[in-house]
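Once you've looked at the hints, dock chains C and U against the given chain R.
Chains as they are written, first to last, in my numbering: chain R, 1 to 337; chain C, 338 to 619; chain U, 620 to 964.
Some clues are possibly wrong.
[What the hints assert, rightly or not] Cross-link-like lysine to any residue pairs, in silico, SDA-like; alpha carbons within 25 Å at most: (1) C:K347 - U:R639; (2) R:K244 - U:H771; (3) U:K794 - R:S246; (4) R:K59 - R:D71; (5) R:K3 - R:A327; (6) U:K751 - R:K59; (7) R:K244 - U:D697; (8) U:K794 - R:R236; (9) R:K70 - C:A480.
[To be verified] Counterexamples of contact, computed for chain R against chain C with all Cβ distances above 10 Å: (10) L9; (11) I66; (12) F196.
[Stated by the list, open to error] Footprint (simulated), chain U over chain R, 3 or more residues, beta carbon under 8 Å: (13) 229-238; (14) 246-253; (15) 319-331.
Calculated directly from the structure, the hints in this document are not laboratory data. Glycine included, C-beta positions come from ideal geometry on N, C-alpha and C.
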Amino acid sequence: MLKVILWRLIGAIPNLIGVVVITFLLTRALPGDPAAFFAGQAATVEAVEQIREKLGLNKTLPEQFIVYLKDLARGDFGLSLSTGQPVATEIIQRLPASIELTFAGLLFAVAIALPLGVLAATRPGSWIDQLCRIITTAGVSLPTFFTGLLLSYVFYFLLGIAPSPLGRLDPVFMSPRAITGMYLIDSLLTGEGGLFWAAFKQLILPAITMGLFVLAPLARMTRASMLGVLSSDFIRTARASGLKGSTILYTYAFRNALLPVVTTLGMVFSFLLGSNVLVEKVFAWPGIGSYAIESLTASDYAPIQGFVLTMGVLYVLLNLLIDLAYALIDPRVGLEA
Amino acid sequence: MDAATFKHIKYVLGENPVTLFAFVLFTVFVLFALVGPWIAPYDPLVTDTARAMQAPSAAHWFGTDAVGRDILSRVIVATRLDFGIAISAVALSFVFGIALGLAAGFFGGWWDRIISRLADTIMAFPLFVLAMGIVAALGNSVANIVYATAIINLPFYIRVARAEANIRRDAGFVEAARLTGNSDWRILSHHVFPNILPPVMVQVSLNMGWAILNAAGLSFIGLGVRPPIPEWGIMVAEGATYIVSGAWWVAFFPGMVLMLAVFCFNLLGDGLRDMIDPRRRT
Amino acid sequence: MNAPIPLLEVRDFGLEFRTRSGTVHALADINLAIHKGETVGLVGESGSGKSVLSYAILGISDRAARVTGGTAVFGGLDLLQARESELADIRGREVSMIFQNPRTALNPIRKIGRQIEDVLKRHAAVPGIALKSRAIEALREVNIPDPERRYHAYPFELSGGMCQRVMIALALACKPALLVADEPTTGLDVTTQAGIMDLIKGLAAAHQMATLFITHDLGLAADYCDRIVVMHAGHVVESAPVAQLFAAPRHPYTAQLIRATPARDSLLGALSSIPGNLPDLRREDLPPCRFSERCLNVTAQCCESLPRIDADATHAVACWHPLLAGEAQPVAKAQVESAIPEAGA
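Bound-form chain R, shown alone (with noise of 0.2 Å):
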C-alpha cells in the first residue's frame, strides 16, 4: 500500500512541473510586455522600468525561471498592486471560502448523483430511468453563472426562503474564528448553532449552483456503470448464492460500480474548480475565484498568476487523492503500480 501511494506521488510531480512551467510562461514569454502587465495600466513607465527591474525581465528565460521558483519556495507569489497585499497571504485567506463552496457543491452532486444512477440502473426504462436521461442530458448544458442568477432569482425574489445571495454570512452575524477558515466546520468547532445555521443558509444556493453542473456526468456514468456491473458473472453469482437483494446491491454491485465513478471525479473536479470562478462571482463569494475576477478588472497580474497556480496544484493533489480513494477500493491497483 505505502508502495502505491508513493508511486502515485512521484507520478503528480511531472502534473506539477507543467502547472509551473505554464504559469511561468503565461506571463514571460507571451508577446507583450510582461513588465506592463505586473505594472498594471496606470502606471508610469518609471513604475514599469521598477517592476522590469525586480523581475528580472532583463535576464534570459531559464535564468527567470529559476528566480520564479525561488520565489515560489520562498511562498512569494508577488504583491497586489490593488491592494498593496502579498498575494500568497491574500490567496490563502480566501482559499477556505472557495473550498467549502466546492465541496458543499459536490457533497450536493454525489449525494443525488449516485442514488438517481442506481435508481435509474436498476429499473431501466421506468420514470426514474427518464427522469435520470433528462437530467443528464439538461444538466450538462446549463450554464453555471445563469442556473445561480435563477435559483436566486427564485428563492430570494420571489418566494423570499433563501437569505439575500451576497456573500458566506449575513451581516448581522460575525463570521467565527478562524480555525480552518469553513466557516461550517469553525462554528461547530466553535459550538456556535446560530451562526452554523446561518452560514449554511448562505451556502446552500452556491452549492446547488455549483453541484447541479456536475450532477449530470455524475449520474450518467453511476447509471451506465450499474447497468455494467449488474450484469456481470459475479452478480450472477451472488444471485444463485441466494444472498440478500440489498447486499448484492450495495456490497457487491454498487462498491464494484463505484471504481469507474472515483475515475470521473478528476474531470468532475475540474469542471467544479472551474465554475467556481462564476458561481463566486454570481453570488458574491468571497474567495479566490472572485478574488481573481477583482484583479482582472483592475488589470492586477500577480493575482491572476497566483490564483491560475494555486488551482492547478490544487487539481493534481485533488487528483492525486482521487488516484489513492481508487487504489483503496479496487485491490488490483497495487499491483500495476
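Coordinates of chains C and U only, in the frame set by chain R:
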C-alpha cells in the same frame, strides 16, 4: 454520402424525435447567425433611456435592458458572435489536435512523449481556469478567447487521434498501403484520418456546446467581448444586477438562449453517436 | 429406481424470451428428474438451452424470460411458482450453482474469504466469531493449500483452477442437496479440469449431494455421471444411464452426438460432425420435433406431434422412430468401454 447512409440518417431522425428537434433548433440558430442582423426587429446597439427596463411586451418580446436596447434583437444578433467563437475554436483544436495526435500515435518515440506530455500538462489545470489565465496573459480580446478555448480543447482531440493512430498503425490495411509504396503522409491522410473521423465528429458536436459555454463564461467575468457588443454571456452579466430586484428578463432570455444552444449541440452529439454506431444500424 | 420421490422433478416446463427481434421459444416440454445423490449430466450443443434451464430452476433467469408452463418441484415446493424470497432462501443453501469462467464469477474487489462468509451469514446460523473459521474450513475442504492465507486473497491473485475451487467452496458452504455445475471446467486447462471434476465427484459422494452437471462435452459427462440427459434446441430428447446411452442410444441425435465425441484413442478421421444447425428458436413455425429438419429418419408423423418424454422411465426418448438396440451401431465397442469406465458399477 451514399444512399444507404442517407437512409440510415433519415431512419435515426425518424426514430428519435429528440434528435430531430435538436436538428431543427440547430437550423434556427444557424439562420440567426447568418442573417441575424437583418431579421432582428430593432438595432441591437441603439439606446433609448425612455424605454429602459421594460418588461416583455408585444413591442419588445424579451423586454428592454437598462439603457433601453431591445433584448430580443440583441439575443438574435449575438448568435453570430457566440457561434463564431465556438466554431473557430473547435476548428482550431480539431486541426491541431488531430495533427498532433496522429503524429504522436503514428511516429511514437519522442513525438509521442512530447505531445502526450503537452496534453497531460493542459489537463493538469481545471480547464476554465487555464482559459482565464491564457486570456488574461494574451490580452483581453475576442481572438484570444478563441485561442484559449482552442487550447483547452486540444487534449481531447490529441487523445482520440493518438489512440486511433496507435491501433491503426499496425493494422493490416495500413501495412498493405505501406508495402505498396505509400508515403507516411499519404497513409496518414488517406488511410488513418478517414477512419478516425466518425468518433471525432461526435466529439466535435459535444465540444461545440462546451465551447459556447466556455466563451460565454469568460465574457460573463469580463474577459474578451466588451460591451456594448451583444453576446449572451455578457448580456447575462449585465442583467445579473437587476435579477435580485425582480427585473428577471434582462438576464433570463440571453441565458435561456445560451442554454438552448448548448443543449442543442449536446443532443446533436448524442444523435450523431447513434448514427455512427454501426450496432444501431438496422 | 422408480421408488423414491425425486429430489427435483421438472414436468412439462416451457420458457420463452421476449426480445425486440421476436419471441425466443427457448425451452419446451422439459421433463427431467434428479434423485438424491445422483449425478446427472445435461448434455447438448451450445444454444440448446442447458444453461437457461438451470437458471430457471434457480430462479435467476434474465428479466426477459417468461415461464410458459409446467412445474419444477424441489422438496415439495414448486420453484416456478415460488416467491422470490422463498427462492432466495433455497439458493445457496439447498441448491447451489457453479459457473464457467470462475475468475469473473467472483466479486473482483472482495476477499474470497469474505465472499464465503457472506453466504454463510445469509443461510447458516453461524455465530459471528465462528464465521472466519467456517470459511477457512470450506476452503480447506476444496483442497486449497494454506487456506488461512488464501482467505485474504482476491480473485485476481488466484489461478483459474483455484478460483473454481473457491467457487465450489462457496457453493458447498451450506451443504446443499443439489449442485448445479454449469460447464465448470470450460476455460481451464486439461489437468486442472480433471482435478476440478474429481473434486466435485468426491464432495458429492461425501455429502450425498446430487449434481446436475451441464456440459457440451459428452465424453466428460460419460466419465463422471450416473445418467445423461440429452438436450436439443430446447427439448429433452433422451435420458438414460450412461452405459445404456452409449451402448444403445435411441434418439438419432444422441447417436450422432456420440459419433461426434472424441474418445481417448479415437482418430480424427473416425469423428463425424452433425449435419445442419439448431433451428432458429425465434421461428413461429417450429416443428413439433425440433430435430426433424436435421433427421434422416423423419416422417410425416414427426411434423405433427412429439411423443411426451417420461421422466420416470429408466431409458426415455422423445422420438417416434427410436433406434433399436444394435441398429445403426453408433460407435466402436472399444470406444464405448473407454468412454465409460464405470459402466455397470
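Verification of the hints:
no.	hint	verdict
1	C:K347 - U:R639	holds, 21 Å
2	R:K244 - U:H771	holds, 23 Å
3	U:K794 - R:S246	holds, 24 Å
4	R:K59 - R:D71	holds, 16 Å
5	R:K3 - R:A327	holds, 11 Å
6	U:K751 - R:K59	violated, 69 Å
7	R:K244 - U:D697	holds, 21 Å
8	U:K794 - R:R236	holds, 20 Å
9	R:K70 - C:A480	violated, 34 Å
10	L9	holds, 15 Å
11	I66	holds, 20 Å
12	F196	holds, 25 Å
13	229-238	holds (count 6)
14	246-253	holds (count 3)
15	319-331	holds (count 3)
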